[in-house]
Amino acid sequence: MQVGRLLIAVSLLAAQSAMAADALTGTFRGDGRACYGALFVRPKTIEWNASFFKCGPTRYKVIEQDLSGEHPHAAFKIEDHRKRCGLAVIEVSRYSEFSWSVKGYPTMEAYQKREEPGWKDSADPARQIALCGMRKE
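Per mature numbering (1 follows the signal peptide of the UniProt record, and there is no 0): the sequence shown = residues -20 to -1, 1 to 117.
These are computed hints drawn from the structure, not numbers from a lab.
Just so you know, these numbers come straight off a predicted model, no measurement behind them.
Hints may contain errors.
As the list claims (entries may be wrong) - No farther apart than 16 Å at their CA atoms in a straight line, the calculated lysine to aspartate or glutamate pairs in the EDC-like style are these:
(1) 34 to 44
(2) 93 to 27
(3) 41 to 71
(4) 116 to 27
(5) 93 to 77
(6) 83 to 27
What the hints assert, rightly or not - Now the in silico label distances, taken between C-beta atoms and shown as ranges:
(7) 98 to 25: 26 to 36 Å
(8) 102 to 32: 28 to 38 Å
(9) 117 to 97: 32 to 42 Å
(10) 48 to 103: 11 to 21 Å
Quick reminder that beta carbons are idealized off the backbone N, C-alpha and C, glycines included.
Starting from the given sequences, assemble the full structure and let the hints guide the process.
Below, the structure written as structure tokens:
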């Protein structure tokens, strides 16, 4: 019984490690008044420094990812709440050959409901997102 539980725990840790190893990583640079700075996605930490806020470096968990096709994307849940800087989730997606969209969501709920009517383009501060177009180095 104990051995079975140990094997399950080891399997879960291995799966998490494999997902983190295959995660989208890199440096993304932003320009302009609000987006000047960079997003750094490393194998174990994420950091977003922009004109108006500084996030991390902090641990993350990959909550959604599809690296296949022309428009790869990934979403990262920020694990250390003290370093969230008002963001709970950072989403990265490529929308053209050279351009990436980086979005920061204040809550997990805002990320999960991002496409629902009443959430998208809402004036409610709890639903507003940080949005920057960036280049991947």
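Hints, verified against the model:
Restraint check for residue 34 and residue 44: the C-alpha separation of about 23 Å exceeds 16 Å, so the hint is violated. Simply put, residue 93 and residue 27 have alpha-carbon atoms about 24 Å apart, too far for the 16 Å limit, and the pair is violated. Distance check on the hinted pair: residue 41 and residue 71 sit about 12 Å apart at the alpha-carbon level, within 16 Å; holds. Restraint check for residue 116 and residue 27: satisfied, since their Cα atoms lie roughly 14 Å apart, inside the 16 Å limit.
Taking the CA atoms of residue 93 and residue 77, the gap is near 28 Å; set against the 16 Å cutoff, the hint is violated. A distance of roughly 13 Å separates the Cα atoms of residue 83 and residue 27; the hinted pair therefore holds under the 16 Å criterion. Taking 26 to 36 Å as the suggested C-beta distance range, the pair residue 98 and residue 25 conforms, at roughly 34 Å. At roughly 20 Å, the beta carbons of residue 102 and residue 32 sit outside the given window of 28 to 38 Å.
Taken as a hint, the range 32 to 42 Å holds for the pair residue 117 and residue 97, whose Cβ atoms sit roughly 37 Å apart. Residue 48 and residue 103 have their C-beta atoms about 36 Å apart, which leaves the hinted 11 to 21 Å range violated.
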